[in-house]
Every structure is written in structure tokens, then in C-alpha cells.
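Given only the sequences and the hints, what does the whole structure look like? Please build it.
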Amino acid sequence: MADTPVSKESIIEVTPVETVYNATKELPPAGSKTQLASRVEDDRSASTWAVLKENPRIVFWGSFTLFTCVLWGYDGLAGNIVVGIPQFRQDFGVEYQHQWVIPAQWLLGFNGGGMASMFFGGLFAGWLLDKVGRRLSLALACVVSIGGVSAQYVAGRPAVFLVGKMITGFSLGLFLTIAPAYISEISPTILRGAFLASVNFSIVLGQLLAQLVLKGASFHPGNKVYKILFAVQWGFSGLTLLGVAFMPESPWWLIHRGEHERARDALRRLHRHGAVEQRLREISETITESLSGEKAKYADCFHGTDLRRTLIAMAVFVIQPLSGGPFVTGYQTYYLQLAGLPVGQTYTVTCANYAVMLIGNCIGMYLCERTGRRPAMLWGSFGLTILLIFIGVLGSIPVHATLVLSNKAYLRIWKAVIGVIIAFTLPYMINPDKANMGAKICFVFLAFMIPLDIWSFYGFPELKGRSYMELDFLFHAGVKTRSFSKYIIPPPSSNC
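Heads up, the sequence shown is in the working numbering, so the first residue is 1 and it goes up one at a time.
Some hints could be false.
As the list claims (entries may be wrong) - Quick list of in silico lysine-lysine cross-link-like pairs, DSS-like style, CA-CA up to 25 Å:
(1) Lys53 to Lys486
(2) Lys227 to Lys215
(3) Lys464 to Lys486
Everything labelled a hint here was simulated from the structure, so no lab data went into it.
Listed below in C-alpha cells is the structure:
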């Protein structure tokens, strides 16, 4: 039978209606790029408070994920500040000039080994996240953390404690990769900056809690002082494991795997009913766009326009340890005691320092949304450089030991990949049986900060209010760093 031509008059025009998708793995129809850009603009124009009220579930699960960063801050610091406990130094150290100190080689191992394993944990997390998803990755990190803490708790020799530190460090590398990834994937554009800024706030909060626990435990006799510090970590990991059982999986990961119905279910647990299909379309369109070329490989991070993005991300993290952060967070109690302050006062000063850090983080979170990332980055970096000069000069002048309190002028920023090198060299710089540099160590950090300040000005772009699709466009278009905030992205064609 021959095909019958279809006349124009026989075509019935159908008014589109909202379709309900049930028990299907197909995605809802994709909107045009113009429609997607319009939705992104609507998200950006909404007030932060309005978006918070509209997304209570996202706020809850984002806050829960931030709790793992509190655990990261507590775990990461607890294994370092024990060197400031006299009983710990007596149990694991040697006597030197009528005081107990941890030998530099063991101090190097405790910190360098932990940082090295954290580095490998972060690398492994990238593969693990793609393989098993965010929920199982987080659960595995908790289990590894419990094992590492247990080894530190029962340790009676430096070698056993070092093994526990390295196991814990591996779990910290997992935590610090999983949490920001999950938060960035479930957060609306307008909340993404505040949530990601809260990662550092949560880390510092965990560190403050560790200091407060240490101060409270300092009144207990014998090795209970530092064993209590470790035992508290089991509670953090246990609560996190309990929450992971109810935590929705990342819809981005599910759609990447083609599990669209599970992604829809996850979105229902994160969004109100009316926003589920729209959000599903947005995610699928973004992923389709990113996968339109060749299959992505890790090596692509070091080619073309992606190399620029990789260098920016790496440089931001490198600034943190090279500003002196590891010295402040890992050694301040120990250093203050070596400088002559009574043990009780060093705990008080350290707790006060972390309280100041929390205030600084709150200000930073506000500035990120109010003025943007670039101004906060520049002023913070330049301010750190000035403080390094100030403290280094003061440390070069012979003064009474109590003036070491000026060292608390540091701002603390957490460690990153380059922190492995810092962790391996700092023990030799500050230990009394080695270089014994004291506050003059700031000049070492200053040598790194000056070129990094220059990079911050010329290399760090403004990302405030930009969606991931917009950032892709800006980088692929080769927009200059200082033009990111002012560049107007042309609207996409509606027939795309």
C-alpha cells in the first residue's frame, strides 16, 4: 500500500500540557537553552532567604553534609594537638633539656604521614565517588575513620600511633572530597557559595570543639587526657553513619549513570513536588551539554581551557598551607608551651584563636555573597602577607616569652596537597632540638605568599552568581580573569 501524503489541514495542533512521568527511565522533554538560561536567571534574581524557605530539605541535607566537615575538623586537629599534651609527650617522647618533647622524626611522621595519606585519600575519593556514589563513599569514610581513631586510642608506641594517624588521614581525604561535591550538586545557584563557604566554617567549628574537649579533659589524670580526645570522635562517625542511611543520593551521579527514575526519586526527597521535573531537565541538559564531545578523562584537566581551571583550583588550595595555616592549627599549643606559656594558658589562647577564626569565617561567608569571591580572596591574601611580615619582625626581636601571644594574629586556612611538604618540614623548623626558628618561620611563608599574592590578582576570577553552564562558557571563551564579573553572556538561540 502506497504512503498517503499528509495534508497540512489534517494536522491537529495540540496544546502542550504538563506531563506526569511515572515508572519510566526516560527523561522529561528537554527545554531549549533559552528556557534553561531563563530559569538560571530566575534562580539568581531570587533572594537568598526566599530560596532557603523554598528548599528546606536541601538546607537540611546540606547542613548534614556540613556535619561531616565538623568531623573532618575535629579528626584532623585531634591527632595534631595531642603533641601539646604533656602526658602524651611523656608517653611518646623523650626528655630534652629538662622537658619532654616529641622527637622531630616522629613529629614529622605524625604530621607528614597523616597529610600524605590524606592526599591519597582525596585521589581515591574521585574514583570512589564515580564508582559507588556519594552515600556509600561517605559511609566508607566513616568506617575508615572509626578504624583510624581506634588505632590511635589503643596506641602505646609511636609506630602504632603513626599507623592510626595515616588511616585517619586517608578518611579525612575522603571526607573533604565528598562533602563539597555533594553540596555543590544539590544546592541552588544562589545558595552554592554560602554552602561551600560553610565547609570551612564547619571545619573550624570542629577544630574549636576539639580544643574545648582538650581543655575540659586536661583536668583528668594520666593518659585519659588524650584518650578522651580520641573517644569523642567515635560519636561523630556513628552519628554520620546513622544519617547516611536516610540521605538521598546525588541526582547528578544517578543521571550520569542513566538511572533516571532513581534520580527522580532523589529529587523528590530534595525538592517540593512542582520543582522535581524542572530540576531533572536542568541537570540532564547540563550533563548532556558537558558530554556532547569526547568522553572526559582525568588527563583532560591538564589540556586546553580545562588546564586554566585546574591551575586556579590548585592555586587556591596551595595558598592555604603556604600562608602558615598548618603551623597555627597543628603546632600552636605545642609552640606556645615551648615558648614558656603555662599549659593551662596555652589551651585558653588556642580556644580563643579558634573562636576568632569562626568570626572570620562568618565574615568571609558574608563577603562571598555580598562583594564576591575575588575581593575576599585578594584582601585575605594581602592581609595574610602583611601579618606574616609583622609577626616575623616581632619574632626577630629578643623579647619576653609572653609576647609570643602576638603570633595569634594569624588567620587560619586549612591544608591542601602542598601541605604534605609543609608537614614534613615544619617539625625540623620549630623543634627545640633542631632549627628552633620560632616566629621567624613566618619569613619562610612570606617567601611563598608574595608570588601567590601576585597570582591572586591576575589569576583568580570572580565566580559569584554564575551557574556551571555559564562558567563553562566563560572559560571556553577565554574571557580574561578580571572581566568575569562584568562579562555579559549572549543569550542562546531559542532553536538550539
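> Is it true that the CA of Lys464 sits at most 25 Å from the CA of Lys486?
Replying inline: Holds. Lys464 to Lys486 sits at ~11 Å (cutoff 25 Å).
>> Would the hint linking Lys53 and Lys486 be met if the CA-CA limit is 25 Å?
In response: violated, 30 Å
> For the pair supplied as a hint, Lys227 and Lys215, is the alpha-carbon distance within the 25 Å limit?
Replying inline: Distance ~13 Å between Lys227 and Lys215 Cα, so the pair holds.
Hint 1 alone, counting from the list given before, is not met by this structure.
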